[in-house]
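Read off the chains here:
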Amino acid sequence: MERNVGTVERIASLALGGLLAYLGFRSNRAARAGWMLLGAGLAGRGATGRCPVYRAANLDTSRGGLPQLGSGRRQLEVEQSITVNRERQDLYQTWRKLDDLPRILRHLESVQVSDGGGRSHWIARAPGGSKLEWDAEILEDRPGECIAWQSLPGSELENEGRVRFTDAPPGRGSQVELRIAYRAGAAGSLGPVLRKLSEHEIREDLRHFKQWMEAGEVPTTEGQPSGRRGRAAKAEPPEARPLPGSSEMKRVRPSAGIAAQAVGQEGGL
Amino acid sequence: MKAACWFGKHDVRVESVDDPKILNPRDAIVRVTSTAICGSDLHLYNGFNPTMRRGDILGHEFMGEVVERGRGVKNLAVGDRVVVPFAIACGSCFFCKRDLWSLCDNTNPNAALAEALFGHSTAGLFGYSHLTGGYAGGQAEYVRVPCADVGPMAIPGGLADEQVLFLTDILPTGYMAAENCEIQRGDTIAVWGCGPVGQFAVRCALMLGAERVIAIDRIPERLALAANASKEFAGAPVDVINYEEQRDVVDILKQETAGRGPDACIDAVGMEAHGTGVLAAYDRVKQGVRLETDNPTVLRQALQACRKGGTVSVPGVYAGIGDTIPLGAFMEKGITMKTGQTHVHRYLRPLLEEIANGRIDPTVIISHRLPLEDAAHAYDIFATKEDQCIKVVMQP
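Keeping their order, the protein sequence lines are chains F and D. Residue numbering for the first sequence is 35 to 303, as defined by our numbering. Residue numbering for the second sequence is -19 to 376, as defined by our numbering.
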């Protein structure tokens, strides 16, 4: 469960929960268990910052202030960054080739560029095998520095985003900062999309971008042998599912050899 | 092909599995000619790593012949005889560029898992659980080697497999452990654990100019082998402590050094320390009920015994949580601790030269030579130290 309780409220929960548990302990036998349970529950949400009641009601105070609509809300903003040991010009160039991005960003199925590169049609995978499509235009395009975009009206998934490339401290390459805001468009609720485009997914996307840029390939074990094949595999289906991060990696293998070939000069990506 | 697979605690089976194939452009396929069981494989064998899955192919010490290469591998030819470092390194990230190969940013497909546990992910390792990538290992007839344009080193003819096999892990690991001690003239180095890494740590400490080495273990043949290093290195003294016969290791080490303590201490034991006494029993109970993953018996003794301002070097593997570590001794005595998985790539060439010129003979630690089919038996005798087992080399 995501943390969904703000700091002030956590402290209050802890204090009140402790008090209730203590009073419950001292009260008569009939009421004792109830008060102690309630106290423990409050103390628990205070200690962990995770409240199952808020979760059920889709509320969130972790960003301070009054309860806000949580992950069922119609807008989601994701911000992630990563350090890549390459010049920012190289990173920009790879990212700017939008139609190659699906080879790195695994939730994308395809990107078609039109209008001399200013407009593009995006198809993303949504849960359950469905697809989401939208058209986007580039709002800002500063070579080596940033690319900003937004979806056009009528998109199933309205989104706007910006990727910035800055110099890391000396000897550390560049920093990639990605910010994306999604809004439910014609598709209605953002729920299923959110699950797919969670912060974890975006983080993995950025990691794959880094691996591609630095190592020229994304590491994978998919397709390697193991004793799970054949007889052993049948005996243990639940364990055989891939671990986080190990799925769908083969798809993003470069087609043009190692970094120097795959990136930049030859236009491999 | 045949491969030694992990099926659970104390359950290794040689199974028929698919042959590996090239999955990425920088991959190579190596036909394994020799492979060894590492002391750290025993942590998996003993069920201490929760990210092992039934059927995982074991083994990270292996060498062999290149039989296929991806289109990104230009530096190796089919037919080359190579040793392969146990850590997979990309060669181009911040860490690889700084010679910190085992910290590579880009080779663990399960990086998110490692990040959750350690804060950051380190390099992918062969045959060493899904926490370090879940790569199939080399205790097999064939193995896929990722980033083969960076890791494997071709071996010149004239050197036998047995002479160079340990370049893949334990010889560089013993060397790095000794190097981390920054040995100065007059230094006494204490080495906990006389398994394969400890044996090489003793020898490399002598090679790097230690005045004296004190080796600690409880297995007589291992202590004898450590003491023998003295003869191999022109008489520099190697003394041994059998901690089961002479109880208080810290006390003995201080007596042996007239109160100074060893100038540097090497923990070549790690998370499954044996130990004796009340604290050791406490750790066994905590490990048993999974309240503690790592038994820090050796770290405790090393921090307590080490000379003020000295160094504690830790090649022994720790993977989780340990407690009751004397942080006061660590801080107040101004001790430096150096550790990490070995940056094997850094040591391949220099140590190959030391082997070729006869300065060090890695074969002295081999106690058993077995076919790969006997892997289950090999793990068993290595784990129980039966039959005077110190190091097993297997031929597929």
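Quick caveat, the hints were computed from the structure, so don't treat them as lab data. Since the structure is predicted, the reported quantities are computational estimates derived from the model, not experimental observations. Idealized CB from N, CA, C, for every residue including glycine. Hints are supplied without guarantee of correctness; some may be wrong.
Claimed, not checked - FRET-style restraints, in silico, Cβ to Cβ: (1) D:Arg198 - F:Arg206: 45 to 51 Å; (2) D:Gly300 - F:Gly78: 55 to 61 Å; (3) D:Ala96 - F:Leu48: 23 to 29 Å; (4) F:Thr82 - D:Glu142: 41 to 47 Å; (5) D:Gly308 - F:Gly78: 56 to 62 Å; (6) F:Thr82 - D:Leu271: 15 to 21 Å.
Stated by the list, open to error - Restricting the straight-line Cα-Cα distance to at most 25 Å, the calculated cross-link-like pairs of lysine to any residue (SDA-like) are: (7) D:Lys(-18) - F:Gly257; (8) D:Lys77 - F:Gly205; (9) D:Lys54 - D:Arg78; (10) D:Lys54 - F:Glu233.
Verification of the supplied hints:
Between Arg198 (chain D) and Arg206 (chain F), the C-beta spacing of about 47 Å keeps the proposed range 45 to 51 Å intact. At about 25 Å, the CB distance of Gly300 (chain D) to Gly78 (chain F) disagrees with the hint of 55 to 61 Å. Between Ala96 (chain D) and Leu48 (chain F) the C-beta distance comes to about 25 Å, which sits within the given range of 23 to 29 Å. Checked against the hint of 41 to 47 Å, the pair Thr82 (chain F) and Glu142 (chain D) fails, with Cβ atoms roughly 54 Å apart.
For the pair Gly308 (chain D) and Gly78 (chain F), the supplied restraint of 56 to 62 Å is violated, since their beta-carbon distance comes to about 34 Å. Between Thr82 (chain F) and Leu271 (chain D) the C-beta distance comes to about 20 Å, which sits within the given range of 15 to 21 Å. Proximity of Lys(-18) (chain D) to Gly257 (chain F) is assessed by CA-CA distance (about 17 Å); at most 25 Å being required, the pair is judged to hold. Our distance criterion of 25 Å between C-alpha atoms is met by Lys77 (chain D) and Gly205 (chain F), whose separation comes to about 10 Å.
About 23 Å separates the Cα atoms of Lys54 (chain D) and Arg78 (chain D), which keeps this hinted pair within 25 Å; it holds. Among the hinted pairs, Lys54 (chain D) with Glu233 (chain F) is inconsistent with the structure: their alpha-carbon atoms are about 38 Å apart, more than 25 Å.
Checked against the numbered hints given earlier, this structure breaks hints 2, 4, 5, 10; the rest are met.
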